[in-house]
Amino acid sequence: MHDALTLDARANHWLALALGLACIGTACIGYAIGDTFYLRLATEALIFGGLALAVDILLGYTGLLSLGQALYFGLGAYVSAVTLIAFPSFWTAMGAALATGLFGGLIGGLIANRVRGVYFALITFGMAQVAAKAIYNTRSLGASDGLIGVPVLDVNLGIVTVSTASPVGFFLLALGVVTLLYALCSYLMDTPFGRLLIAIRTNEARVPFLGFRTTTLRLGSFVLASCVASLSGALYPMLRGFVSPELLFFSTSGNAVITVILGGVGTLVGALYGSIIFTIVKSVIGSWTEHHLIVIGILFMAVVIFLPKGLMGLAQPLMRRMVHRGKP
Amino acid sequence: MQSVLKTLSVLLFAGTLSTSALAADPIKIGVVTPLSGTYAGIGQQVRWGLELATKEVNAAGGVMGRQIELIFEDEEANPSVAVQKAEKLFQVSKVDFLTGTVNSGSTLAVGQLAERSGKLIATTVSFADSITADKCSPNVFRVNARAGQQSAALAAWMSKEKPKAKVFYLGPDYEMGRSTVAAFKSNVDRVGGESAGEVFAPLDSKDYTQYFGQLRAARPQVLYTSVAGNDTVRLFTQLQEFGLLANMTVLGASGTVTAQNISAIGKAAEGFVTGVGYSAEVASPENKKFVEAFRAATKSDPDLYGADSYGLIYAYKAAVEKAQSTETDKLREALRGLKWSTPQGEKTIRAGDHQAEQVMYVVRVKDGKFGVVAEVSGPDAIGADTCTRF
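From first to last, the protein sequence lines are chains A and B.
My numbering puts the first residue of the first sequence at 1, with every later residue one more than the last.
My numbering puts the first residue of the second sequence at 1001, with every later residue one more than the last.
Hints were generated in silico from the structure; no laboratory data involved.
Hints may be right or wrong, so weigh each one.
[Unchecked claim] Below, computed lysine-lysine pairings styled on DSS-like, alpha-carbon distance capped at 27 angstroms:
1) A:133 with B:1206
2) B:1206 with B:1267
3) B:1322 with B:1028
4) B:1289 with B:1166
5) B:1369 with B:1267
6) B:1055 with B:1339
7) B:1028 with A:282
8) B:1094 with B:1330
9) B:1366 with B:1162
10) B:1322 with A:282
11) B:1366 with B:1267
12) B:1160 with A:133
Let the hints inform the model, and build the full structure from the sequences given.
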C-alpha cells in the first residue's frame, strides 16, 4: 500500500536517476573533449543545488521560508577552507563542516523557531547578515577580501584517488556527495518524521493533538537543512580555491530560493534541476547583457505565474504516469 | 562511439592549432569588471579607458601587427562570479591576458585562478596593499597606485606643509576604515608627526558631534579621516557648523570626498586634501591630450580608474613588443621592470612585487573642485617591497 506522497517521491527518484545519468553523460563528453570550464560550471551548479536542497526541506516540507540559508552554506565553506589550509584532508574538512552544520543549526534553530511565518524569514535573513558582517570585518578570516590559497587536494576514496583540480574527477565527486545528500533527504522525507513535517506545513495547530511536539520537529528539519547546506558549502573552496564573505550574502540565499521555486517546491529533485538550469541561464545571460538581473527577474515572475509548481510541476505527472502505468 | 569521440577531439585539436598558427589573429584581452550593481560606475570607467586605448592602438597598427580585441564579462563585484567568468574567458574564449577586477577580493581570487591556469592578469583599480605584498602572486600585476602609495604621498606632503603636526584620526568603525587609519598613522609616525588621539564612529553615523569634545580638547592641526559616501557629508557639515574647520586642515583617504558627494558637502569640503594616483587636472601635455580624447569618446571626464585602465593597454603593448610574444613566461619577464608612458607620466613595474611605481599627486578642493597642489616622486611613495613569493 503506497499513498500519493510515496508515489510522487518514486517519480522524483526516477527524475533524479535521469539527472544522474545526464550528469555522467556530460562528464564523459567533457572528458573526451578535454573541457574545463563547463564541467566546473556544472560542478558549481551541483554545489549550489545542495544549498537549494536545504531550502526545499524547510520551504517545501516544513513550510518555513528561509532567507538566510547562505549562512550555513558560507559557514561550511569557511570552515572547510580554514581546515584545508591548515590540514589538507577532504574527510577532515567535510567532518568539520558537518559539525558546524549540526552545532550552528542547533543554535540558529533555537533562535529562529521561536517565531513563524514572515518573522521566521526575517530572523533567518538577519542571522545570515550578522554572520556575513562579522566575517567581513574579521581580519584573521581575510575580512572583505576573503581567503585565498585553499590547496588543490587529492581525495582518497578507497578505490580511487581524485584530484580537486581535475574537472571531471571533482565533478563526479561533487555529484556523489550531492546524490548522497539527496538520497538522505528523500529517505527522511518518506519516514514518519518527513510526514510530520508535511503535517506541520499543512496545519501546525493540529500536530500537537496527534501527540507530537512541533518544536522538536521544526528544530530537526532546521538542523537537517543546515547540515545539508554546510556540507554543500564545504565543496565550494575545493572547487574554486577561495572563500569570500559574498557567499553568506543575501544574493546567495535569494538565488537558492529562486532555484527551488524554479525547480518546483517540495520535490527535492526540483532543487537540483533548478540549480542546473539557473546556473546555465545566469552564465549565458550574464555574458550576453549587463542587464541580466532584469531578465532573470522576468523569467522568475513568468515561472511563478505560468508554472506555479515549477519545472517539476510539468515533469512529475508525466513521470508518475510512466512509472505506474498498468498499476492501480 | 570511440571513433566518433576521437574524430571530434582531433577536429577540435586541429581547430586550436590553426587559430594559434595565424599571426594576424587578434590578441584577446578578457575584461572581468562590474557592469551592474554598486561598482558599475567604476566598471564603466574601466571599460571606457580600455576601449579608448584599444581603439588608438588598433588604429596605429595594433600590437606586432595584431589587433587587440576586448571581451567583457560582468563580475557583479562578487569574487564567486568573477572567478567563474574569468575561467570562462581563460578556457572558452582563450584570452591572452585578463584585467578589470575592481574589488580586492575579486582580484585576489582571479589572480589565484590565473596562477593555476598559467595566465597573467593585471588590476587597474584594486588598491588593497596585500595584492602586491603578503598575498602577491607571480601572475598578478598592478598598474595603479595601492593604498600605501596614496597614504605615503599624503604624509610626505603633510610633513612638508605642517612639520611635526598633531594629527587626530577619525575613521569608520569597520575593518577597512581601521586599516586605512592605521596605515596613515604609521606613515605620519615615520615623517615625525604626532598623534593627538583617534576615534572610530559606526558606519552610517547620523551624529558626529559627540566626538567633537574630544577633538577640540586634543587641539590638532590636522584631522585625518577615512569615512566615505554620505558619512563624509554629515561629518563635514557638522564640523563646519561647529566652527572646527577654521584652524584645522582636513586630510582624508582618496574615497572620502569624490565626485559623487562633493556637491552635497558644498563649502565644507573647501581645503580638503588627499593623495591620489591621478587627477584629470594634471597639467602635462600627454594628460591634456588624453582628457580631450576621453571626453570626445565618452562625454565624461576620466577619473583614476579610467586613466589607469587606459595606461594598461599601452603597458601590455610595450611588454608584448619587448617579449615578441604573448606567452605567459616571456610576457612576465617583459613586464618586470617595464617602463612605459601614461597620462600620469612614466610608470615602472617593480620586478620584486609587480607593483607599478608612479608619481603621486596631492590634490586639494578649491571652489568645489580638486586641484593638484603637489607631486610626490614615485620612489618616495611606493614603500618597501614585502613580497616574498618571487
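Evaluation of the provided hints:
1. A:133 with B:1206: With a Cα-Cα distance of about 20 angstroms, the restraint between residue 133 (chain A) and residue 1206 (chain B) holds, given a limit of 27 angstroms.
2. B:1206 with B:1267: At roughly 19 angstroms apart (the allowed maximum being 27 angstroms), residue 1267 (chain B) and residue 1206 (chain B) satisfy the hint.
3. B:1322 with B:1028: holds (18 angstroms)
4. B:1289 with B:1166: With Cα atoms ~41 angstroms apart, residue 1289 (chain B) and residue 1166 (chain B) exceed 27 angstroms; violated.
5. B:1369 with B:1267: Holds - the C-alpha atoms of residue 1267 (chain B) and residue 1369 (chain B) are around 11 angstroms apart, at most 27 angstroms.
6. B:1055 with B:1339: holds (22 angstroms)
7. B:1028 with A:282: holds (23 angstroms)
8. B:1094 with B:1330: Holds - the C-alpha atoms of residue 1330 (chain B) and residue 1094 (chain B) are around 18 angstroms apart, at most 27 angstroms.
9. B:1366 with B:1162: holds (19 angstroms)
10. B:1322 with A:282: With Cα atoms ~40 angstroms apart, residue 1322 (chain B) and residue 282 (chain A) exceed 27 angstroms; violated.
11. B:1366 with B:1267: This hinted pair holds, its Cα atoms lying about 9 angstroms apart.
12. B:1160 with A:133: Violated: residue 1160 (chain B) and residue 133 (chain A) sit about 39 angstroms apart, past 27 angstroms.
Taken one by one, the earlier hints fail for this structure at numbers 4, 10 and 12, listed in ascending order.
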